[in-house]
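Place chain B on chain A using the hints.
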Amino acid sequence: MRISNSMMSSHVRTWLLRAQERMFMSQSQAASGLRLQHPSDDPTGAAQASLLRADSARHSQYLEDIQSAKFWLKVTEAKLADLTEQVRNLRDLAVGGAGQMQETAQRTALVSQVRAIQDQLADLANVQINGRFIFAGQATKTEPMDLSGGLPPTYAGSTSPSQISISPQTALTVGVTADRLYNIGGSVSGGYEDLISTCADLGDQIEAGDAQAVSQLIDDFEFHLSNVLAIRGEIGAKLQTCEAAADRLAALQETTTVSLSELKDADLSQVLMELAEHQNAYQAAAGIAASLNSISLLDFLR
Amino acid sequence: MSIIPGINTVLSSLLAHQQALDITGQNIANVDTPGYHRQEAVLGARASRLDNGSGSILGGVDVLDIRRADTSYIDLQIRFAASKFGQFSAASQQLAAVEGILNPSGTEDLGAILNQFWNSWQALAASPDQTAPRLTVQQAASELASWLNDRHSQLLALQSSNYEAIETSVAEINRLAAEVAELNTRIARSGPTASPPGELVDQRQQALERLAELGGVVALKPEAEGAIITLNGHPLVQGGHSFAVEVEQAPDGTVLLTWADTGREINPEGGELAGLISIRDERIPEYLQALDNLASQMINAVNAEHQLGVGLNGATGSFFVGAGAADIRLADPIANDPNAIAAGSAGLPGDGSIAAAINALRDQPIISGQTTSEFAAAFTARIGEDLNTARQEQAIADAIQQQMVAQQQSIGGVSLDEEMTRMMEYQRAYSAAARVLTTMDQMVGELLEIIG
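Protein chains in written order, with the numbering used here: chain A, 1 to 302; chain B, 1 to 452.
Keep in mind that the hints are not guaranteed to be accurate.
To give an idea of the interface, some chain B residues facing chain A are shown, with a C-beta separation under 10 Å as derived from the structure [said to hold, decoys possible]:
1. S12
2. Y36
3. D129
4. A377
Covered stretches of chain A (chain B as the covering partner; in silico rule of three or more C-beta atoms under 8 Å from a C-beta of chain B) [what the hints assert, rightly or not]:
5. 38-46
6. 155-166
For the record, the hints were derived by calculation from the structure and aren't laboratory data. Since the model is a prediction, treat every value here as computed from it, not as a measurement. Where a beta carbon is used, it is the ideal one built from N, C-alpha and C, also for glycine.
The shape of chain A in the complex, shown without the other chains:
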């Protein structure tokens, strides 16, 4: 083959440019740590990465939502613990009160104790956390316990409790409505009066000194106690559901992150090896370019 001068230089130029291009690719992969920088680097991989990112985004959103569900459940649980304490106190007062009603002074003390608890119960129903009436169902801006019309109280909140989705299939009920908690309007079966009215009755009966009526109320308080405890049990079970869902999601998120990283991240040791290889190739090409035409017939002509 006949070799012309322009042929030699254009060949060397081509290889120099190719070596440079390959070196640039390895350099930008090594510098960014990314294998997938543009969809055209690997269209199929880019599509998979896009889907994985969508999964990952929703997993992290569900994890956040589970955190917020847990927050509301824990807050509710704390308030329900208070409520259980108060109902237990009332029951104990009813049990003990039946035997201590001879002295007026004793009765007065008992009555004021009962009345104080009654106020606390009403306050507890209308407790507000982060600007939300937690026992008002979805009517989070409305005081649920309405005592403006005297006893029995009416429920002003919404009967549908707040819900938070913790997975595409599971919408978790995170709120408890005060009507169920206090049995307002007999919303829980059993035909018992609401808690506030029962409490008021206890006060009235102690004041009147009717020991028999007071002991009859013990059964009512037992009912309310078991109602509140049942609801607490539900909340506890939901907290466990949340924990389990969070663990599952975290594991899933890790798998997704690993797959995504395998897809988009550069294998640094491999990239650096390649970079070194391409640098060598470039050096060789540059060396050849520099020594191009270093010898010609001209050198031997005098």
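What follows is chain B alone, placed relative to chain A:
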């Protein structure tokens, strides 16, 4: 016996080798000139005969022709390769611009924007009574809308800059066609004897190569008499006459190339023109339509749910307004007041059912049978795949072209070493002829001395 004819023979050698040396000089001078084909002096001996009158031998040497290295077969293949290369390099440049518009980096792409949008609804479903998630929905949705608006207008801008590139290409084609016609005339004028001036042929060959790269122009045998150089099957240059190409936008917005004289339409089959036109009139409209499709289906699906709900401020109605990617935006009440976002159906602050229903749309095939994330993934893959294909075609055409150019240079390129050896050859021949002349001169001198 006469010695004069002998002197003539030697003189012809001096002249011929001087001319051959000139050609070597021309070759060396053009060692780096693109498109230059080496030339060679074709020396021919004069018919020698015995002069019966004088008894001396007549003869000598002439430069019969200055021949340009012939690469016409390879030139043809280079033009085919250049036509492919022009087509796919223009296409891949345009598609790289599309990729740059739609996926500037991994974080700002469509998938990420959609993820943000859906997540904001999911967060709102969890805390419908709070202001912060409402602001997030407002912001994520307007980001989605402006992403679509921006990409739509950037793609349109790319389309119009593409049209400018087409206009430039057409202007260059017309200029080159006129140049080829002019060169044809000059080459024809140089007469039928021997070879036409190599420099003119070089120029024409280069113009034809560029024409192939620009418009896929076919020139089968440009060196033949009255050869026809065609674009899309119609003559572009015929002898000394060239036909002008015109470009305009058809009523439907596509590019329309026509012949200036007949008005007939041209559909270039290769070259930059074919690449530019296919991207402008086929690919970009497809991308635009995909974005429009996404926008309109999102508007429909989100609005259908949103209209069932009531905002915290009692507002009802659409969430998005607009018809496509160009004009999708938040409905005014939503843009003005985050409390107008209908998270629930009954107007209760803690009701996130509508937000949950809108979030659930992310799993439904609302975009022509695909979920939004499937759509985004497929769209991303499509953009990448299109660019990749064009780049591969470009690399193949480039490799073929390089190969052909190497062959062309192998035959037609100047080799300095070769020219040096020729130079020595001619120099030696010149010196020898001069020596013969000196010898003859001495012989004449000696003769004169005898006579004197």
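Results for each hint:
no.	hint	verdict
1	S12	violated, 27 Å
2	Y36	holds, 8 Å
3	D129	holds, 4 Å
4	A377	holds, 4 Å
5	38-46	holds (count 8)
6	155-166	holds (count 6)
Hint 1 from the earlier list is the only one contradicted by this structure; the remaining hints agree with it.
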